[in-house]
Amino acid sequence: MSALVTSRKCGPIRLLLVLLVGGCGVRCTIRTKDSSDRRKCNGPWAISFFLAKQNAMTSFPGVRILFGLLTCVLIGNQPVFAQKPAANRKLMKMLEEDVIPAYNAGDSSALLDVLVAIVTRVESTRLKMLDELLEKRQLPSLAEMLVESRIALAQQDEMLKSRKPHWREIVVALPAVVKRVQEIQQVAQAHPAMSGQRLEPKNFMSYQELFWELHVLEQRLANAVRLLGYAADLKKFGEGVNRNQLSDREKRILDWDDSMVTEELHAVMTDLHERSLELRLQRFDFAFDTIQDASEFKNRFLAVYLIDQDGELLGKAFNDNLPPKFKREILNESGLARSIRAKVVKVRHEAGRLVEQSRALHQGLHWWMRGRYGRGPDGGGLLKSTEAIRTPAGLFGLLMPVETPKVTDPEMTSMSSIPEFRRRHHYHWMFETRRIQTVGLGRKVEKTRVVNAEQTEIKYFY
Amino acid sequence: MRGVSSTTTKATRAFTNALIPQDRNVLLRLVGFYEYTNALYRLEQLLKISTSEELIAINQLIEERDELAVFTNLARFVEPENTSLTQHGLGPGDQFERRGLAWVLALARVELAMMVAGFGTLQDPFEAVRPTRYEIDAYKELILDGAKTHYWALVRDPSFKAATRGSVMNPAILAASRRLLVARTIIRAAMKAGFGELSPDQSQELAYHRKKMDAIQIRLYQKIQSYLEKYVELSSTVQGPETRFVQACDRLLRAEAKERVRGRAKITPLGERVTKSTQIIR
Numbered sequence: 001m002s003a004l005v006t007s008r009k010c011g012p013i014r015l016l017l018v019l020l021v022g023g024c025g026v027r028c029t030i031r032t033k034d035s036s037d038r039r040k041c042n043g044p045w046a047i048s049f050f051l052a053k054q055n056a057m058t059s060f061p062g063v064r065i066l067f068g069l070l071t072c073v074l075i076g077n078q079p080v081f082a083q084k085p086a087a088n089r090k091l092m093k094m095l096e097e098d099v100i101p102a103y104n105a106g107d108s109s110a111l112l113d114v115l116v117a118i119v120t121r122v123e124s125t126r127l128k129m130l131d132e133l134l135e136k137r138q139l140p141s142l143a144e145m146l147v148e149s150r151i152a153l154a155q156q157d158e159m160l161k162s163r164k165p166h167w168r169e170i171v172v173a174l175p176a177v178v179k180r181v182q183e184i185q186q187v188a189q190a191h192p193a194m195s196g197q198r199l200e201p202k203n204f205m206s207y208q209e210l211f212w213e214l215h216v217l218e219q220r221l222a223n224a225v226r227l228l229g230y231a232a233d234l235k236k237f238g239e240g241v242n243r244n245q246l247s248d249r250e251k252r253i254l255d256w257d258d259s260m261v262t263e264e265l266h267a268v269m270t271d272l273h274e275r276s277l278e279l280r281l282q283r284f285d286f287a288f289d290t291i292q293d294a295s296e297f298k299n300r301f302l303a304v305y306l307i308d309q310d311g312e313l314l315g316k317a318f319n320d321n322l323p324p325k326f327k328r329e330i331l332n333e334s335g336l337a338r339s340i341r342a343k344v345v346k347v348r349h350e351a352g353r354l355v356e357q358s359r360a361l362h363q364g365l366h367w368w369m370r371g372r373y374g375r376g377p378d379g380g381g382l383l384k385s386t387e388a389i390r391t392p393a394g395l396f397g398l399l400m401p402v403e404t405p406k407v408t409d410p411e412m413t414s415m416s417s418i419p420e421f422r423r424r425h426h427y428h429w430m431f432e433t434r435r436i437q438t439v440g441l442g443r444k445v446e447k448t449r450v451v452n453a454e455q456t457e458i459k460y461f462y
Numbered sequence: 463m464r465g466v467s468s469t470t471t472k473a474t475r476a477f478t479n480a481l482i483p484q485d486r487n488v489l490l491r492l493v494g495f496y497e498y499t500n501a502l503y504r505l506e507q508l509l510k511i512s513t514s515e516e517l518i519a520i521n522q523l524i525e526e527r528d529e530l531a532v533f534t535n536l537a538r539f540v541e542p543e544n545t546s547l548t549q550h551g552l553g554p555g556d557q558f559e560r561r562g563l564a565w566v567l568a569l570a571r572v573e574l575a576m577m578v579a580g581f582g583t584l585q586d587p588f589e590a591v592r593p594t595r596y597e598i599d600a601y602k603e604l605i606l607d608g609a610k611t612h613y614w615a616l617v618r619d620p621s622f623k624a625a626t627r628g629s630v631m632n633p634a635i636l637a638a639s640r641r642l643l644v645a646r647t648i649i650r651a652a653m654k655a656g657f658g659e660l661s662p663d664q665s666q667e668l669a670y671h672r673k674k675m676d677a678i679q680i681r682l683y684q685k686i687q688s689y690l691e692k693y694v695e696l697s698s699t700v701q702g703p704e705t706r707f708v709q710a711c712d713r714l715l716r717a718e719a720k721e722r723v724r725g726r727a728k729i730t731p732l733g734e735r736v737t738k739s740t741q742i743i744r
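Those protein sequence lines, which keep their order, are chains A and B.
Residues in the first sequence are numbered consecutively from 1, following the numbering used here.
Residues in the second sequence are numbered consecutively from 463, following the numbering used here.
Please keep in mind that the hints were generated in silico from the structure rather than gathered at the bench.
This one's a predicted model, so the numbers in the text were calculated from it and none came from an experiment.
Possibly wrong hints are sitting among the right ones.
As the list claims (entries may be wrong) - In silico DSS-like links for lysine-lysine, alpha-carbon gap of 30 Å or less:
#1 B:K685 <-> A:K90
#2 A:K406 <-> B:K602
#3 B:K685 <-> A:K93
#4 A:K298 <-> B:K602
#5 A:K93 <-> B:K692
#6 A:K136 <-> A:K179
Turn these sequences into a full structure, and let the hints guide you.
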């Protein structure tokens with residue numbers, strides 16, 4: 001059943017009709033006198049809207065007060081309002097216009113700003129309602145978004161000082177950050193190269209796969225160190241909090257001791273570094289032996305590249321003039337650096353143009369792999385952080401797959417797609433930071449930090 | 463910085479310097495732009511200094527690596543069957559998996575050009591990443607595949623229609639506009655790349671796709687433009703040519719106009735009179 005109520009005049013019959021229909025929770029269509037504003041609304045909202053319109057038009061203060069009281073009584077009696085606070089219009093607007101666009105645009109910085117504003121000021125029941133709304137749209141909850149954006153910014157070395165976290169945020173974010181550090185550490189320790197047994201890859205491809213994995217592990221551990229620093233900073237911010245307002249669990253979180261995790265993480269990093277050097281030395285010798293015998297272009301090509309690259313890295317790692325510094329004995333052998341340098345010079349001289357070719361191919365493929373499989377911290381992996389514009393580290397940093405990827409057939413829909421984006425250009429257009437906004441009496445295309453949209457729109461037609 | 467040589471950095475700088483700063487700011491955020499630019503620079507160097515025999519051997523090295531494989535004909539998942547542009551396999555059981563240096567190069571070029579198409583201001587981004595003879599066939603195939611995929615995905619996407627019909631205030635309409643832009647760019651590139659090689663039917667079909675995309679883009683543009691221009695109409699009814707710029711909400715100005723029409727209000731300039739016409743925030 002629906003009722004059409006036209007508020008031409010504030011007569012008692014019309015008022016009673018609206019109160020009766022709206023109070024029963026029936027869906028109404030309310031239209032103002034000049035039909036400029038027309039909307040459908042349920043029960044109490046219909047009354048509220050009607051009364052607001054009447055209030056705007058009537059000039060009798062007594063009538064306004066009466067309407068105001070009636071609104072309060074009717075809305076207060078509605079069970080839905082008594083039990084559950086509504087996600088009010090302002091919050092909904094923040095969700096629609098700030099949270100979701102920032103999340104979709106992958107702008108961790110903007111997302112964090114708005115989430116902090118919501119999480120620290122809104123009561124938990126309303127937060128739950130917002131989470132439900134987000135869930136309906138298949139989006140992560142506010143807490144998940146908050147942690148992700150914090151971590152994304154921490155990984156990008158964003159300055160923490162510029163956005164001091166509220167203690168509630170610290171309590172949510174700190175365990176998540178520590179958990180992530182420990183996960184990375186466990187992954188590193190579980191790798192076969194870290195077991196202590198001597199690995200003997202049989203060919204260059206096996207070596208290459210192994211080094212790829214070690215390279216990825218190194219990068220992840222470097223991320224873990226950054227996260228740990230971030231966790232320590234978070235903890236510091238929590239030191240000044242009034243502890244009387246905290247629960248036991250919250251106190252335990254803020255009292256977390258980071259020294260043990262830091263120590264363990266550094267031990268794993270040192271171990272990984274030495275293991276990498278040992279394997280590199282092993283591969284260097286394997287390549288040198290190969291080049292002496294190989295007549296095939298393919299094998300010579302690979303061997304030359306490895307001697308060139310590994311020789312460069314090992315030459316920097318070892319120094320015959322300094323006392324032994326490694327835990328692994330094999331790395332402390334005397335004369336190691338001199339022997340490596342001699343071999344490198346010999347091979348570079350004999351190989352000639354092959355050195356430059358092999359460098360070009362491997363560096364080119366390395367970059368290509370980064371473009372194909374790299375994931376940025378924002379935009380569902382399609383975007384780098386805003387740091388990419390400002391710093392070389394931000395531009396370079398990407399998350400890479402832990403295992404050497406094997407491209408899957410797109411016909412096999414049951415498997416998750418590798419690479420994640422078969423073509424990046426199928427998705428990039430989704431990244432939208434421009435917005436048309438109403439400002440004052442005019443409307444403009446807002447110039448966000450990326451590009452003036454109006455110019456971009458216009459150029460489409462030239 | 464690991465893995466970045468000074469020469470690659472220089473090359474990237476040269477390429478990115480060709481773009482205006484606003485373009486660069488957004489392009490550098492796209493994963494793949496910096497990476498494919500460097501990849502192309504190094505692999506192009508390789509092509510220059512290698513003989514064809516050496517390239518065959520290098521190609522074999524790439525073919526052996528699973529992670530460097532490229533699947534093509536992705537359009538088959540969205541296009542209708544048996545159009546003149548439908549791609550057929552090289553033989554029975556062809557899974558459209560392609561391997562080799564040519565595919566690696568072609569993919570990098572197409573991705574890079576499409577990023578510039580979507581977020582840059584270069585007139586013809588595909589011209590900026592022109593292929594060599596070595597990978598021209600792979601390049602053409604990937605462009606045509608991309609053009610078909612974008613076109614069919616776009617015309618069959620209900621959310622795209624909803625976005626174009628929705629409010630201009632919704633950011634989705636701008637994303638839809640960008641999507642159209644990249645689709646139109648790659649269709650245009652496919653027409654150019656296939657010039658003289660596509661059959662008349664195929665050329666006609668591509669031309670139809672392009673025309674349709676152009677028409678949608680124009681409608682969308684007009685919608686945005688008319689929305690933006692609405693402000694001009696509003697201000698001209700409210701403000702005279704010699705008034706000061708007033709920043710207020712639409713409703714307040716309408717009310718003010720009504721009051722003036724009824725003779726219950728008049729404008730008294732404050733201080734010095736301004737002779738310039740009304741300023742407009744755009």
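Hint by hint, which ones does the structure fall short of?
-> No numbers; nothing is violated.
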